[in-house]
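Read top to bottom, the protein sequences are chains P and G.
Numbering (the working numbering) for the first sequence: 1 to 270.
Numbering (the working numbering) for the second sequence: 1 to 331.
No lab work stands behind these hints: they were computed from the structure.
The reader is advised that the hints may include incorrect statements.
Stated by the list, open to error - Listed below are the simulated DSBU-like cross-link pairs for lysine-lysine, each with C-alpha atoms no more than 35 Å apart in a straight line: (1) K130/P <-> K222/G; (2) K212/G <-> K185/P; (3) K183/P <-> K212/G; (4) K86/P <-> K196/G; (5) K146/P <-> K183/P.
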Amino acid sequence: MNTVSSPSDTGSIPLRTPNAKQPFLEIRGLCKRFGSIQALNGIDLNIYPGEVLGLLGDNGAGKSTLIKCISGVHSLSEGTFRCEGKDVVISSPNVARSLGIETVFQDLALIPNLDASANLFIGRELGWFKGLLRVMNQRAMMEDVKKTLEQLDIHIPSLRLDVEGFSGGQRQAIAIARAIRWKAKLVILDEPTAALSVPEQRKVLALTRQLASQGVAVIYITHNILDVIAVTDRLAILHRGQKAAEVATKECSEHDIVSLIMGKSKKAAA
Amino acid sequence: MSSQITASQRTSMLGGLLGTPAHGKTSEFFGRYIAYAALVVLIIFFGLVTPSLFLTVGNFATILQNSAVQCVVAIGMTFVILIGSIDLSVGSNMALTATLAAMASTHIGGGAFFLTPFIGAAIGLINALVFVYGRIPSFVVTLGMLSVARGMTLIISDGTPVPIPFSGLFSDIGIPPVPILIVIGLAIVASFVLLKTSFGRYTFAIGGDEDKANVLGLPVKKVKIIVFTLSGALAGLGGGILAAEIGSGSPTMGTGFELTAISAVVIGGTALTGGRGSILGTVVGSLVMSTLANGLIILGISTEVQTVLTGIVLVGAVLLSIQRGKIKVMK
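Could you build the full structure based on these sequences and the hints that come with them?
Here it is as structure tokens:
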């Protein structure tokens with residue numbers, strides 16, 4: 001058994017590496033400062049394919065900052081990334097995407113005045129010629145979107161409507177479909193079930209498990225304890241910019257999870 | 001996921017059936033079509049009131065001819081407004097470009113006309129670089145250029161018009177005059193770029209939500225630079241056409257042109273907040289203003305009244321078409 005130890009451990013627990021797989025992403029010593037504010041202070045974390053890692057922590061713990069670093073929105077103040085065994089610098093969202101990292105942000109990053117297929121292909125349009133003067137093949141993109149949504153069993157009333165006319169659940173579905181369509185190797189979901197109706201939440205949880213079963217690595221940020229128990233395999237809890245704990249979900253009760261989020265360490269399990 | 005359709009979606013689908021990629025609420029439905037409706041109303045009105053003078057081929061040709069320069073500039077302005085910015089320097093750009101081209105024409109003849117888009121583009125590029133890398137509002141940058149370019153025009157021309165020896169370039173020879181052909185060609189190309197290319201889509205995206213466009217890794221800076229350079233180029237071209245029509249590069253030409261260009265774009269259904277609009281709408285918006293002016297002239301109504309009515313049409317168009325739900329606070 002491996003023991004994950006880091007300077008920030010407040011009660012390290014022997015960690016079962018799922019099937020002894022190679023991590024997709026290794027994060028070492030990640031620090032991020034905004035001026036005088038230390039948002040992240042020495043994060044060490046492994047992300048494994050086929051596993052849903054729950055990223056928990058109270059507001060201000062650094063979850064959003066961490067995923068923005070992984071998805072290339074923020075640059076690192078210190079620390080390294082290793083993706084599929086190779087050292088990488090994730091300097092921009094496009095670099096992250098080229099590594100197979102897709103992020104579904106809390107605000108979904110859907111362009112409101114564009115339709116579903118435009119949003120799915122934004123920045124990566126199918127068509128002829130290169131660069132900005134790429135002539136788009138709108139029919140091909142429309143067909144592609146229809147197929148993707150059908151495969152995921154997602155129903156959108158009309159593919160021609162701007163996404164701002166859709167319900168929260170429909171937009172969430174389009175955002176997740178975007179990550180799936182681009183064959184992401186790591187999908188980051190930031191509070192995906194917040195502001196969704198119950199049936200829509202269940203759908204998102206099902207999609208998440210489907211992703212993992214297909215070998216995709218998933219990082220799942222949530223405050224919702226029920227989500228945590230339903231869908232995550234392992235938990236990493238952040239507290240004030242550091243990793244407070246890392247546990248397998250199965251070894252925790254709801255009470256344990258709440259304590260960990262609040263910054264108290266879990267009773268060490270053998 | 002729920003597949004129930006909301007009322008706003010129903011309206012949009014109706015718009016979609018009418019052959020336009022429709023979106024959102026009823027007011028947007030109006031916004032798309034208000035210019036066309038206004039044009040039809042004006043034609044019917046003037047056609048009924050003064051048919052013999054208004055409803056002639058020659059008169060319609062005059063309307064088109066009169067709107068050509070404004071159309072060219074307004075097409076460039078459409079891109080700027082679509083990304084949510086504004087270009088107040090186009091009028092001064094026209095004057096400076098026309099004056100420089102007029103001066104060049106005394107050495108290189110009629111070919112100086114073809115320099116105008118490039119001179120205009122250079123002015124637009126300066127706007128673009130200050131806007132993107134200086135990171136100050138486009139309103140401020142282009143307001144500054146308005147003064148700078150106008151001042152430079154007065155300096156290099158000594159305050160007097162520079163005559164052009166090539167005004168014969170545009171004489172009407174029976175087929176549609178060159179300016180109208182330029183507008184038609186430009187409108188087709190601009191429409192294609194806006195609707196069919198990645199660049200066009202990113203223009204809409206930046207206008208819709210620039211924050212998210214950045215997060216999504218779109219080439220926002222590049223698009224902005226191109227848009228302002230394009231606006232400058234078309235302003236320069238408009239200045240060249242106007243100079244060719246009046247026979248000289250005048251230091252006062254184009255004064256106030258930015259306002260009529262913006263009016264044409266807004267009447268045509270492009271939202272000032274960006275993200276929604278069309279080239280065809282701008283062309284129709286420009287025609288609305290020209291038709292209004294033309295009809296009023298035929299009726300012998302003074303130009304002052306024309307100005308008042310144009311302002312009323314502009315405000316009326318926005319009143320009916322603005323999507324208040326999207327703009328939480330009106331500034």
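**Item:** Hints that the structure is at odds with (numbers, increasing)
**Value:** Result: hint 4 breaks, nothing else.
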